[in-house]
Amino acid sequence: MSDARATVTDPILEVRGLQRHFGGVVAVDIDHLSISRDSMTALIGPNGAGKTTLFNLLTGFDRPNQGSWSFDGVDLHRRTAHAVARTGMVRTFQLTKALARLSVLDNVLLGAGHARGERFFEALAGGWRASERDRIERAEALLEDVRLADKRDDDAATLSGGQRKLLELARALMAEPKLLMLDEPMAGVNPALAEFLVDRLVALRGRGITIVFVEHELDVVMATADHVVCMAEGSVISTGSPAQVLRDPAVAEAYLGIRQTARMKTRGDAADLAAQHSEEPG
Amino acid sequence: MNAQTILIDGLRGAVGVSAVSFALAAIGLNLQFGYTGLMNFGQVGFLLAGAYGTAIAVEHGVPFPLAVLIGILSAVVLGLALGLPTLRLRGDFLAILTISAAEILRLVFRAEQLEGFTGGVRGKAGFADPFFSWNPLPRGRFGIGDLAFDERALWVLIVGWLLVILSTLAVRRLVRSPWGRVLKAIRADEAAPASVGKNVFLYKVQSLLVGGVIGALGGILIAVDAQYTNPDYWLSALTFYAYVALILGGVATTWGPVIGAMLFWFLTQALDTALRQAIEAGYLGGAVDTTDTGPIRFAVVGLALILLMAFRPQGLLGDPDDVVVIDQ
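Protein chains in written order, with the working numbering: chain W, 1 to 282; chain Z, 1001 to 1328.
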């Protein structure tokens, strides 16, 4: 098991002693976890490992029983979800929130921070249209980016599952995040669109956005992530480069149970996969 | 039976003070329920707060315009009392609290122990003299043929319909703004606006207050028109009649609540007259007498609503796509 502190430099997110239990069940129990600035970190782990609960805790959608975490030097403990988002940590959801009865464009515009006309008296007084034009331009550029420009005026409810993932990504980017937390951005997306989505994510790294994403496809993890965090039963069991983590016996064990034969087999698979990708950067 | 009388009575209902008051209540509900998804089942409580706030303030020597402001502030206080504890919770908490609060408010206002302040079951009377003293209309009857109002009724209606138009335009302006975009996002799924930094709780409180204040205007108007208010007028049924009006006209449409309220009162008044005429002419064979027309007309309106839900669930002005169950 590699030490998180050894591989992470200049952390943008640091978690200490975070615990969440539901009744007697421990959902999350993390001693320490850091995420490097400008990294692309994949959060992996079997179903029920606590990945989504961790996302909910960090982004203020759930409250921990104890623990603290800081984002970009700001203590986020006990902040509500919208306050967390305003610090620059923006998340998406495993079950996408494409907002029905709002146009695709409005779905993206919603992401704009401190938009003039969003306060009640500004809305009543008017005078927000000039700044709205700038926001519309930015939103249209983002829709262009995720290939939804021609859906601009459609009801978001008419989009396919994959398109909704892209729409949600565009909305999150509209908020100009420093850290993007993506919960299974590729789940339910058809392979062609998934490949496109991966390209979009890789392109984002160049723009100074740190990304943490939950992903089950190890191929995608190998191809895109430069850091991997593996969780099992609420705890972080391994962190490091993709190759390091996938070679970690604890990871194979977590995924396939404790049977020796099964473990040996997957360890081989994971090592093969790591070898395949070792020459590719990131 | 006389079709013309039925039509005239229906039209009188459609433009009358009840229609104005219900239109205002429904415009408020449209902002809360139609655009924000808040289930306020206690709208009548806001009407009561407006009516009593105004009446009691006048009685304590407050000048009439200021008393109306106090009526509005009473609705704001009620909105805060209902909204602050519940709007962080799931939607059904608001629904339960609002329906019970409206009923509790009515019972408190009729309580004997508070008679000195509220007037108890006798209510309050004669608090709107200044309003009628400002009436610029000369004495007489105004209107077309049998559809005419005296100067007093017309003065109330002019002010009332101005309030309806202004409230409708204000709500339209609000829901088409970025502020309104956040409300619609909350209606769809409040986690999404929260995830991009919108203070969902604040927006819900604002929506509840603004909708409640518009409803309070309806309450003030109906009390001013009668120069009288008593607790047992403000029954929970009124909230649901306002919902009926909103659904008839079209939820989340600009003019739906207004058209719906007019249609609701057209139907009830026309039916009332038609039933009376049918009874007097003996068509109903003595099975019902004139005291039954009240309940029967509401039963017929209820039936009309059921048919509307079956054949045109979006209401008269609504978009059919809005009521289709969306596969998320």
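Since the hints were derived computationally from the structure, they do not count as laboratory data. Keep in mind that this is a model prediction, so the values were computed, not measured. A hint or two may mislead.
As the list claims (entries may be wrong) - Label pairs and their calculated CB-CB ranges:
(1) W:N190 <-> Z:R1090: 31 to 37 Å
(2) W:G127 <-> Z:A1125: 44 to 50 Å
(3) W:R129 <-> Z:L1066: 57 to 63 Å
(4) Z:I1096 <-> W:T80: 53 to 59 Å
As the list claims (entries may be wrong) - Beyond 10 Å from chain W on every Cβ pair, some chain Z residues (computed):
(5) V1017
(6) F1093
(7) R1152
(8) L1162
(9) T1168
(10) R1173
(11) W1179
(12) A1194
(13) V1196
(14) V1210
(15) D1232
(16) Y1233
(17) T1293
(18) I1296
(19) P1320
To be verified - Non-contacting residues of chain W with respect to chain Z, defined by C-beta distances greater than 12 Å in every case (computed):
(20) E14
(21) S70
(22) G73
(23) T92
(24) D150
(25) F196
(26) V198
(27) D199
(28) D226
(29) R247
(30) P249
(31) Y255
Beta carbons are placed, not taken as given, at the ideal position from N, Cα and C, and that holds for glycine.
Right, here's what the structure says about each hint:
Taking 31 to 37 Å as the suggested C-beta distance range, the pair W:N190 and Z:R1090 conforms, at roughly 34 Å. For W:G127 and Z:A1125, the hinted distance range of 44 to 50 Å is satisfied, since their beta carbons lie about 45 Å from each other. A beta carbon spacing of about 36 Å between W:R129 and Z:L1066 contradicts the range 57 to 63 Å that was offered as a hint. Range check, Z:I1096 to W:T80: about 24 Å between beta-carbon atoms, so the 53 to 59 Å window is missed.
No Cβ of chain W comes within 10 Å of the Cβ of Z:V1017; the nearest lies about 27 Å off, and the non-interface call holds. Non-interface status of Z:F1093 relative to chain W is upheld: no Cβ of that chain comes within 10 Å, the nearest being about 18 Å off. With a least CB separation of 33 Å from chain W, Z:R1152 remains clear of the 10 Å interface cut-off, as annotated. Z:L1162, annotated as away from the interface, keeps every beta carbon of chain W farther than 10 Å; the closest lies near 18 Å.
No Cβ of chain W comes within 10 Å of the Cβ of Z:T1168; the nearest lies about 14 Å off, and the non-interface call holds. Against chain W, the non-interface label of Z:R1173 is violated: not every CB pair exceeds 10 Å, the least being about 7 Å. The non-interface label for Z:W1179 is inconsistent with chain W: the shortest C-beta to C-beta separation is roughly 4 Å, within 10 Å. Z:A1194, annotated as away from the interface, has a beta carbon of chain W within 10 Å; the closest lies near 4 Å.
Non-interface call for Z:V1196 relative to chain W: violated, since the shortest CB-CB distance, roughly 4 Å, does not exceed 10 Å. A beta-carbon of chain W is positioned within 10 Å of the beta-carbon of Z:V1210; the least distance is around 8 Å. With a closest Cβ-Cβ approach of about 35 Å to chain W, Z:D1232 is found to remain outside the 10 Å limit, as its non-interface label requires. The beta carbon of Z:Y1233 is kept farther than 10 Å from every beta carbon of chain W, the shortest such distance being approximately 31 Å.
Taking the minimum C-beta to C-beta distance to chain W, about 40 Å, the non-interface status of Z:T1293 holds against the 10 Å cut. With a least beta-carbon separation of about 37 Å from chain W, Z:I1296 lies farther than 10 Å from that chain, consistent with its non-interface assignment. Non-interface call for Z:P1320 relative to chain W: holds, since the shortest CB-CB distance, roughly 12 Å, exceeds 10 Å. At the 12 Å boundary, the C-beta of W:E14 stays outside the reach of chain Z, the nearest C-beta of that chain being 21 Å off.
Even its closest Cβ contact with chain Z, about 18 Å, leaves W:S70 beyond 12 Å, as expected for a residue assigned away from the interface. No beta-carbon of chain Z is positioned within 12 Å of the beta-carbon of W:G73; the least distance is around 19 Å. Separation of W:T92 from chain Z is inadequate, the least Cβ-Cβ distance of about 7 Å not exceeding the 12 Å criterion. Non-interface call for W:D150 relative to chain Z: holds, since the shortest CB-CB distance, roughly 19 Å, exceeds 12 Å.
Here W:F196 stays apart from chain Z, with its beta-carbon at least about 23 Å from theirs, past the 12 Å limit. The claim that W:V198 lies off the interface holds: its Cβ sits roughly 22 Å from the closest Cβ of chain Z, which is beyond the 12 Å cut-off. Residue placement check: W:D199 keeps its beta carbon more than 12 Å from all beta carbons of chain Z (closest about 23 Å). The claim that W:D226 lies off the interface holds: its Cβ sits roughly 25 Å from the closest Cβ of chain Z, which is beyond the 12 Å cut-off.
Residue-level check passed: W:R247 sits 35 Å from the nearest beta carbon of chain Z, beyond 12 Å. With a cut of 12 Å on Cβ distances, W:P249 stays outside the contact zone with chain Z, its closest approach being about 37 Å. Every Cβ of chain Z is farther than 12 Å from the Cβ of W:Y255; the closest lies at roughly 29 Å, confirming the non-interface assignment.
Of the numbered hints listed earlier, those contradicted by the structure are 3, 4, 10, 11, 12, 13, 14 and 23.
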